[in-house]
Amino acid sequence: MTSDTASSIIANSASRDEEVATLLKGAVDLHCHSGPAAMPRVLDHREAMQDAAEAGFRALLYKDHFYLGTPHAKMLETIYPDTGVKLFSGIALNNASGGINPHAVDHAIKIGAKIVWMPTLAAANHIRKGLTEAKSFPKTSQKMLDPSPLSVLDASGRLTDETKHVLDLIAEGDIILAGGHLEASELFVLFEEAKKRGVKKMLVNHPTYIVGCSDEDIKGLVAMGVYMEHSICMFIEGSGNQYEPSYLQHLIDIAGIDKTCLCSDLGLLGAPRPIEGYRQIVHALLDMQFSHQDIRTLIGDNSARLLNLAA
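Using full-length UniProt numbering, the first residue of the sequence shown is number 1, and each one after it goes up by one.
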């Protein structure tokens, strides 16, 4: 390799890195797993905020499977008022929150939660898949009580009264309803009723992992107005990724640019930090010939819309 060729490669690489850095400005992560947490994390909420600020992110939403992170978000915004990053969180309806608990949801919304996740680790679907897909799911640092399986459906396959009450609260608060780790078949029943009750912001978390959505399921849910949230961690190097980036292109094509959100789902010890995950995925999107506008839509604008943030 000549010195001119080496210089050209270095220059092209630097140019691509600058392009990626520019595209990250204004991004929004709806799925940041920073700590403190029962599962080991590579960074805490403050570090996640600082990383996002350095990259020029518009907003960051903390997710924990066991607690409402909204007070942490509000306190950090007060302590660090000049980061330029809006901080949010929400509540996951697992056993630690009392399951599908309208009281917990009402409290969360009243203090500023922006999202309610239906059961994740305690979802009956997650527990059923514990010997297959969920066996690779992160484990807590210490053994916790075994989860009691949760579903939004009763024994006859109808939505429970508690679930309907939660949907009404979400509609009134105009916040995001996320499907958590419910099975695809449950999601159709849930989102259909949610739409009837006035819920306007609906989201499926990693539809191809644990949830089990087929291409046809994704098309059907998108037709109902539901967004697909794909976890960046599943398509990048260094995080035990399960899918090739080309599969992400397929999934985006199925749902459409305007109904797809790319969020990190990162923070686990041993995996890249969330912002590094975004850098990798933007590189991959550029390699796949996505336009700058489409990339901004996928990593920021759609998620900002769900948070009621101005474009």
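These are calculated hints, taken from the structure and not from any lab test.
Fair warning: there could be bad hints in the mix.
[Claimed, not checked] Below, a list of computed lysine-lysine pairs in the DSSO-like style, where the Cα atoms sit at most 30 Å apart:
1) K219 with K195
2) K110 with K129
3) K195 with K143
4) K74 with K110
5) K200 with K86
6) K129 with K164
7) K219 with K74
8) K129 with K74
9) K86 with K74
10) K86 with K195
11) K143 with K219
12) K200 with K110
13) K259 with K200
14) K164 with K259
15) K139 with K196
16) K196 with K143
17) K129 with K86
18) K129 with K139
19) K129 with K219
20) K259 with K25
21) K110 with K219
22) K86 with K25
23) K143 with K129
Hints and how they fare:
no. : hint           : result
1   : K219 with K195 : 16 Å, holds
2   : K110 with K129 : 34 Å, violated
3   : K195 with K143 : 38 Å, violated
4   : K74 with K110  : 13 Å, holds
5   : K200 with K86  : 22 Å, holds
6   : K129 with K164 : 26 Å, holds
7   : K219 with K74  : 36 Å, violated
8   : K129 with K74  : 35 Å, violated
9   : K86 with K74   : 9 Å, holds
10  : K86 with K195  : 28 Å, holds
11  : K143 with K219 : 39 Å, violated
12  : K200 with K110 : 18 Å, holds
13  : K259 with K200 : 13 Å, holds
14  : K164 with K259 : 25 Å, holds
15  : K139 with K196 : 37 Å, violated
16  : K196 with K143 : 40 Å, violated
17  : K129 with K86  : 35 Å, violated
18  : K129 with K139 : 15 Å, holds
19  : K129 with K219 : 24 Å, holds
20  : K259 with K25  : 20 Å, holds
21  : K110 with K219 : 34 Å, violated
22  : K86 with K25   : 13 Å, holds
23  : K143 with K129 : 19 Å, holds
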